[in-house]
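> Take a look at the letters that make up each chain.
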Amino acid sequence: MIEKPETLDNRPQTLDRPSSREAAHRPSFIKATLAIVQKDLSAEFRSFELISAMLVFSLLVIIIFNFALELDVKVRESVTSGVLWTTFAFAGTLGLNRSMSVEKDRGCMDGLLLAPVDRSVIYFGKAISNLIFMLIVEAIVLPVYSMLYNVNLFRLDLLGVILLGSIGYAAVGTLLSTMSAQTRTREVLLPILLFPVAMPVLLASVKACNGLLTGAEFSEVLTPLNLLIVYDVIFVAIAFMVFDFVVEE
Amino acid sequence: MIEVKKLVKRFGLKTILRGLNFSVEPGEFVALLGPNGAGKTTFLRILATLSRPSLGDVKIAGHHLPADAAQVRARLGVVSHMPLLYPDLTAEENLRFYARMYGIGNMEARIIQVLEMVGLENRRKDLVRTFSRGMQQRLAIGRAVIHDPEVMLFDEPYTGLDQDASEMLDDVLRSVAAEGRTVVMTSHDLARAEDLATRFDILSRGVIAASATHTELNNTNLLTFYKQALAD
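Residue numbers (this note's numbering), protein chains in the order written: chain A, 1 to 249; chain B, 1 to 232.
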């Protein structure tokens with residue numbers, strides 16, 4: 001039974017229409033992008049559905065690896081980047097799926113598409129939100145990993161590589177999760193689409209992290225690092241260009 | 001306000017709209033009626049810029065679709081049977097988000113104004129997930145009018161509402177139309193359509209099969225007119 005508003009008789013039956021036709025205004029690209037990011041963060045910090053799922057999964061993965069591998073000190077450093085990026089990639093996929101299904105399941109994607117903004121605003125808003133969620137999970141996973149494996153991961157160069165890798169993964173993941181969200185088999189389809197396309201970013205991240213952790217020459221790290229930067233730039237540019245077609249019915 | 005000429009929409013080999021012609025004058029309230037699968041939702045999604053026409057000419061408020069889609073979206077409010085609201089945000093936060101997406105100045109005053117209009121000012125701080133279906137639908141109308149659109153599209157807005165909630169929605173729809181907006185509403189509820197709309201268009205097999213205003217219906221019952229249009 002719906003409750004009738006107490007002030008039904010008193011409430012205005014018409015709205016005062018703005019003389020300046022506010023309807024014709026359009027928000028700036030940055031303001032609209034930030035509105036989407038803020039909306040996603042507010043909703044997530046109230047429910048913690050997405051971050052908690054990613055976090056629990058990540059912690060389980062690193063604990064399982066810890067027991068499964070039984071590593072000595074030298075081997076630990078060489079497998080750290082692989083274990084970390086495997087964890088980030090799978091946890092990231094969980095988050096990407098959830099982030100886009102929230103929009104799709106309640107028709108909110110239509111609400112976003114109805115806004116008088118360039119559609120790439122939606123892409124950038126969602127990609128930044130997804131990146132923030134990934135970084136939050138990584139910020140919790142890294143100290144836990146450091147304690148479990150007794151490896152120092154708090155180095156600026158290493159954190160920089162993790163940031164670049166996460167940007168690339170969120171950039172391509174947001175685009176592909178938007179595509180897969182429109183299908184019935186999105187949970188299955190996203191990893192199938194995402195992992196082959198994100199392979200360069202994952203390999204480059206693993207190689208760069210590995211080089212830094214094993215104390216390799218900077219020139220050895222430079223190649224995967226350059227690849228990461230180029231990949232990030234290319235994928236953000238591609239997503240900017242094709243997102244309109246991806247969301248088109 | 002809305003002008004559609006020879007509109008065709010195909011999904012693969014299936015043709016949904018077959019050369020549809022349709023026009024609406026400013027301030028008119030048109031009820032778009034028809035059986036399931038007639039193409040009502042597809043047509044409304046094209047008007048809402050959510051789907052591209054395969055062929056034909058669509059013009060809203062002087063802007064062509066899909067070329068001027070962003071300009072059209074700024075003048076359009078859309079309400080469907082899904083509320084397009086975020087359950088983990090409050091009523092106020094939902095409206096604030098959409099107000100920001102539409103670049104509305106004097107946002108807070110506008111949000112209060114809209115919440116009063118849909119009778120939810122006392123629930124402004126409550127999460128949308130705690131709202132009944134009827135309250136969500138009223139807030140959905142608030143979301144759709146937040147930017148003061150000239151044209152409103154309603155796609156089966158009464159779906160899933162109980163009697164009380166439907167009556168409440170009637171009031172909100174009347175107040176939306178009373179502001180001089182142009183309204184197009186799809187519905188299966190002929191009695192409600194007859195009560196609210198000023199014109200009735202019957203969509204059948206992808207074209208407008210018949211059209212009549214209240215005056216043109218004269219003493220004919222809308223149900224009789226509807227059945228006759230589908231039989232022809």
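Everything labelled a hint here was simulated from the structure, so no lab data went into it. Keep in mind that this is a model prediction, so the values were computed, not measured. Take the hints with a grain of salt, since some may be wrong.
[Unchecked claim] Facing chain A, from chain B, some residues (calculated, C-beta under 7 angstroms): (1) Leu55; (2) Lys59; (3) Gly62; (4) Ala74; (5) Tyr86; (6) Leu89; (7) Arg100; (8) Gly103; (9) Met107; (10) Glu194.
[Unchecked claim] A short list of chain A residues far from chain B (calculated; beta carbon distances all over 12 angstroms): (11) Lys74; (12) Val144; (13) Leu156; (14) Leu189.
A virtual CB, placed ideally from N, CA and C, is assigned to each residue, including glycine.
> Next, verify each hint and record whether it holds.
Structure-based check of all given hints:
This hint is violated: leucine 55 of chain B has a C-beta 16 angstroms from the nearest C-beta of chain A, more than the 7 angstroms allowed. The closest approach between the C-beta of lysine 59 of chain B and any C-beta of chain A is roughly 17 angstroms, which is over the 7 angstroms cut-off, so the hint fails. Contact between glycine 62 of chain B and chain A, as hinted, is not supported at the beta carbon level, the nearest pair being about 12 angstroms apart and thus beyond 7 angstroms. Residue-level restraint check for alanine 74 of chain B holds (minimum Cβ-Cβ distance to chain A is 4 angstroms; threshold 7 angstroms).
Restraint check, tyrosine 86 of chain B versus chain A: the minimum CB separation of about 5 angstroms is within 7 angstroms; hint holds. Taken as an interface hint, leucine 89 of chain B checks out: its beta carbon lies about 6 angstroms from the nearest beta carbon of chain A, inside 7 angstroms. For the restraint placing arginine 100 of chain B at the interface with chain A, the shortest Cβ-Cβ distance is roughly 4 angstroms, inside the 7 angstroms limit, so the hint holds. Satisfaction of the interface hint for glycine 103 of chain B is found here, the shortest Cβ-Cβ separation to chain A being roughly 3 angstroms, below the 7 angstroms cut-off.
With its C-beta approaching chain A no nearer than about 10 angstroms, methionine 107 of chain B sits outside the 7 angstroms limit, and its interface hint is violated. At a threshold of 7 angstroms, the smallest CB-CB gap from glutamate 194 of chain B to chain A is about 21 angstroms, leaving the interface hint violated. Taking the minimum C-beta to C-beta distance to chain B, about 47 angstroms, the non-interface status of lysine 74 of chain A holds against the 12 angstroms cut. Distance check on valine 144 of chain A: its Cβ is at least 27 angstroms (rounded) from any Cβ of chain B, clearing the 12 angstroms threshold; non-interface status holds.
Listed as a non-interface residue, leucine 156 of chain A keeps its Cβ farther than 12 angstroms from every Cβ of chain B; the least gap is roughly 35 angstroms. Chain B leaves leucine 189 of chain A outside its interface by the beta-carbon criterion, the shortest separation being 20 angstroms against a cut-off of 12 angstroms.
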